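Asker: Chain by chain, the residues:
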Amino acid sequence: MMMLGPIGFATPLILLALAVLPLLWWLLRALPPVPKRVRFPGTVLLKGLVDANPVARRTPWWLLLLRIAAVAAAILAFAGPVWRPAPAPEPGDALVIVMDAGATAGPGWRAAQTRALRAADTALGDGAPVALLLADGRSEGALPFLADDAIAAALRAASPQAWPGAYPDAPDTILANAPEGGLRTLWLSDGLDHPGRSAWLSALLARGPVDVVPPVSPAYSLRMVRDGTQPELELQSTAPEARAVLALGPDPQGIPRELARLEPSEGRSAFGVTSWPVPVDLPPELLGRVTRFQIDGIESASAVVLGDDRLRRPVVALIGQGQATSERQALLSPAHFLRSALERSARVIEAGLNDAIAAKPDVIVLMDRSGLDADGALTDWVAEGGLLIRFAGPRMAADPGLAEEPLLPVRLRPGGRDMGGVLSWGEPRPVAPFAADGPFAGLAIPPDVTIRAQLMAEPSPDLPSRSIAVLSDGTPLVTRADSGDGQVVLFHSTANADWSSLPISGLFVQMLERLVAGAGRATAEPQGQPQGGSWTATDVLSGFGRLIEAPDAVPVAAEVLADGAAPDLPAGIYASGERVMALNAGAPLALAGWAGATVESARPSGIPLAGWLLIAAAAVLIADLAGSAALRGGRRSGRVTASLLVVASMLVLLPTAPRAQVPFGDNGPADQPVPELLAPFEVPQDDPTGADDAQADPDGGAAAEEPRAEVDPDLARAASEFAMGYVLTGNAELDELSRAGLTGLSLTLYSRTTVEPTPPVAIDLETADLTLMTFLYWPIGPDQPIPSADAYLRLNRFLRGGGMILFDTRDADLAGSAADASDDLRRLAGPLDMPPLQEVPQDHVLTRSFYLLEEMPGRFADGDVWVAATSTEAGTVNDGVSPVVIGGNSWAEAWAIDDRGLPLFAVGAGMDGERQREMAHRFGVNLIMYVLTGNYKSDQIHVPALLERLRQEGQP
Amino acid sequence: MTPEDASLAGLRARAEAAAAALPPLVLARGPVAATFAPGGHGLRRPGIGEDFWQYRQAHEGDTAAAIDWRRSARGDMRFVRDRERQTARTAAIWLGRGAGMAYAGQAGTGETKMGRAKLLSLSLALLLIRAGERVTLLGEPAGTGAAQATKLTAGISMIAPLDHDDDAPLRAAARGAQVAVLIDDFLNDDPRLDEFLQTMSGVGSTGVMLQILHPDEEDFPFEGAVRFQTLGGQRHDTRDAGGLRAAYRARLDERRDALAAAASNAGFLFGTHDLGQPASEALAWLHGVLSAR
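Chain order of the listed sequences is F and D.
So for the first sequence, UniProt numbering puts the first residue at 1; every next one is plus one.
So for the second sequence, UniProt numbering puts the first residue at 1; every next one is plus one.
Do not take every clue at face value.
[Claimed, not checked] Using 20 Å as the maximum straight-line C-alpha spacing, the simulated SDA-like pairs for lysine to any residue come out as follows:
hint, chain 1, residue 1, chain 2, residue 2
1, F, K36, D, G105
2, F, K47, D, G232
3, F, K47, D, R239
4, F, K36, D, A258
5, F, K47, D, E16
6, F, K36, D, D219
7, F, K47, D, A246
8, F, K47, D, A258
9, F, K360, F, R395
10, F, K47, D, G224
11, F, K36, D, G224
12, F, K47, D, Q229
13, F, K47, D, R85
Calculated from the structure, these hints are not laboratory results.
In this text, all values refer to a predicted model and were calculated from it rather than measured experimentally.
Put together the whole structure using the sequences plus the hints.
Answerer: Dropping the structure here:
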């Protein structure tokens, strides 16, 4: 590389070409400019005339200068100029490349790898042996100094590890193979201090110069400083800018998604490292699903905190007194109230007592149950730290042995107490305000919460201290006592509304959440430390923070695991039996100092100038074009100049210009020109400032204005006048096809039936309000992305609420003869609430709701059509109307018409094909009739029989 | 030529305006053809006409109404009053359609030679029709009256320049007893023009040639390196257009002389018209030469 001031040239020989510029000057001057072109009828009279004194016209100097400048810029560009290139490494006898390869090395790894490869290539080219030290804490004896390609191969194969980096001990031993003489060091640092670094720095400085390359991007680290229901993370970085932390986990459908985005709060800096606390303020049910936290945009093992048992929701076992047998009891049972109250904050399991203890829940809830065994498994479970919550009830009150009942916080008097009954004098009692230091401190008590009956406690000295909630007369409502490591809590009332109105108030939910939230931690291992057993990695993090299956997991002892991630013990998920533990690589950061070494500037070395020079050459050439055109003069050439300029500037801008979008129709049918044939479909536009608003009452007027602005006018039309919808698939061609198909079917319906649909509505599943729709056509395309979980929730609600989706795989059942044979269909329709399916039976309403149909062809004739199976059990949704119809006959193509009302696609051949198209339309009519009338038509089937019977009864 | 002028009505209106300034044009040149069409030229024989020609004795076949009773009362003979037979003269107009006729100057915005030629020819035709003469475009059936005026308006306005330079009247269209009016720039030396002129003089017809030139073609205002082109593909490169001006003018004069000679040989009259001058000038010249006895 040749240096000219701050500019270096990669191939300076090309600069010799600058010598031809004077030649070019002479050549260009000799060439005359292009003459002006003139259209002139008198040319014929000029024939044969010779210029009397020819004037030698020459190219003007500024045009020459432009051309010379363009050529010079091109020559300079091809010589590969670089502004302030990276200084060439000085030749030394041997080179040691030290790469930080710990968990924090991920972000800058690629750049460091490239830099190391370049340095190794240069050194090998100079004949110097090269050694590679990966500072991932594993030492493999003395480093080999090699002078062949093995170094490059090792560099390419190297990757950062998912544990904190460290340098091996005893630098002298490891550098034993270093050749005599100078030893240069290239230290590709991640900017952080790791164990053993100062020893290595001094050892290497003693042998020769040390060049330190700081990382191209700052190091980030994330670790959990507090777990529990309100965990807190700490984000650390060498950069002053904080980054958001993503909470990732499966959504309710089981699809991994970003569940929340956490913003760090105020940070503080110390010693070049900034720390931000990141409070994880998530609802319990969301927190329970988080599998990992990750710094947004940082690919590094230290930027990931894996979640484990510590994050999950507490498990609550509900133990009832038997199965509810009737529907009425199911909704009034204590279990139902508890389930509803707990499902937000805990994972509820319902089982028998023995099964529940075996499942190791955090909380066991007993409802109105007495006669427990004083030395049973439940007692042991409570003593080991379990939380037992008991609810009183009529059965307990009637138990004669209540006074000796174990596992109660207070001794109870048999019988109980009724207040406010028909034969009692007292009023139902409200709840007294909670004690400020109790578990329910601060909860607001609704005034309408009253207790009508309760179990009374035997007076005792410790009764007040054990009462955590009392009634207004001082009698206990909730009592609590420690039992071993665990606790026993008793609600002196029922968990349903029989004895009190507490369970139907929000206070009940809050009280249970307080109790359960405090309890779940009691059973977890203290500070998440593994206790005994051998743990096996199931998934481990790569150095770039991606979770991969553990390749060959070796069980490790719990004590080893307790020390955190270490060499050959990568961060990841470790399991021992049922217990799962996460090992994280994030550790506090410490900035490294480089006394005595040369630190390269962090900026990427050297700015290549070739591209800019070529652009300059192109620009000069464009100016030259404009100048030449202007020389020719005249009005016409002016226009030519302008067009040349436009074309040239487009050529220059082409690589950076965003890809032009191919316009293909419009998604919104309202934007389409309404074909003449569809003129009756035109919808009169509502005047938003019409008389309606003027008549609206003054209070509601403003409120009514707001939602109107948000409703999609198409959807509003679909709600007021029937319109079919089609699902936008993301494929413009397919969407246009759906639109044309439904337009054709709409026209058929309009002309043949009293159903008068308006133009079809395009439905974006992510945004559209499906409650307004009746019928959706969903063509299954190969590229359609899976809709979001919210969209599936809306779709399921749509299906339950009487809507219908016609799934069209459009493959003529090539994928197989089962309803879900198509992969795409399975992928897209999987998360829907699908009823059991069956092929359309011969006597299905669909075959006779308007026309009598034998088959249901579309563009293809032979595919099977599937509907929900007619089930015998009561309580089917939608009056037995199938919420889905699935087939592959590509109906939309058979229905599709163009703007003139002519069919878009050929169906079959000849008259048979037209017959098939007619049948397809009839199927469509039947389908819409089926959607709109439900089973009304199936009732009609029996009308003749009913009439016949009436006649017979009338005769005698 | 602006689109408005190109329109049929616009052309007709301008032509009427130009023609209104001159009296009706009675053709004085050329022979009078023996046609049945009534007109203003006496044939010196009895027939349909306005002027008295002779009294002749009535013979069988003359109706009683045909007898001039005033003259017959003076004797025993019965006389019929004959009138002189009068017919119209026929003028045939030809417009050159060479590509050069569409020239409207370097800016391309002025009036084209073709536009001026159309205006002149239609004005001339209207003047002739007003005098009862029969007018036509060369090679088409002649006629007179308001219907012919409408037909000619349409025909003339539809004339469009060709995409090549040469255009000349067809020899086959030459008829006897016609007055031909040829309007063109006559820049190209076309042998077909000479043939036409000779044929016309052979059949006893005569006519007028009017050369329309653009001021650019008269003055040659070009300078510097220029490549001259015509639509027909003729080309001339020069480095110093200004130096050619004198030579070009000499060539133009030469061409005019040759045209005038050819015209007088065939009994035609030759005139020139510059687009820079008003159209009435050319129209007056045409009126003069065609009505002069």
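Asker: For each hint, tell me whether it holds in the structure or not.
Answerer: Now the hints, each set against the structure:
no.: 1; hint: F/K36 to D/G105; in the structure: 15 Å, holds
no.: 2; hint: F/K47 to D/G232; in the structure: 14 Å, holds
no.: 3; hint: F/K47 to D/R239; in the structure: 14 Å, holds
no.: 4; hint: F/K36 to D/A258; in the structure: 32 Å, violated
no.: 5; hint: F/K47 to D/E16; in the structure: 41 Å, violated
no.: 6; hint: F/K36 to D/D219; in the structure: 19 Å, holds
no.: 7; hint: F/K47 to D/A246; in the structure: 14 Å, holds
no.: 8; hint: F/K47 to D/A258; in the structure: 17 Å, holds
no.: 9; hint: F/K360 to F/R395; in the structure: 27 Å, violated
no.: 10; hint: F/K47 to D/G224; in the structure: 17 Å, holds
no.: 11; hint: F/K36 to D/G224; in the structure: 8 Å, holds
no.: 12; hint: F/K47 to D/Q229; in the structure: 11 Å, holds
no.: 13; hint: F/K47 to D/R85; in the structure: 55 Å, violated
In this structure, the earlier hints numbered 4, 5, 9 and 13 are contradicted, and the remaining ones agree with it.
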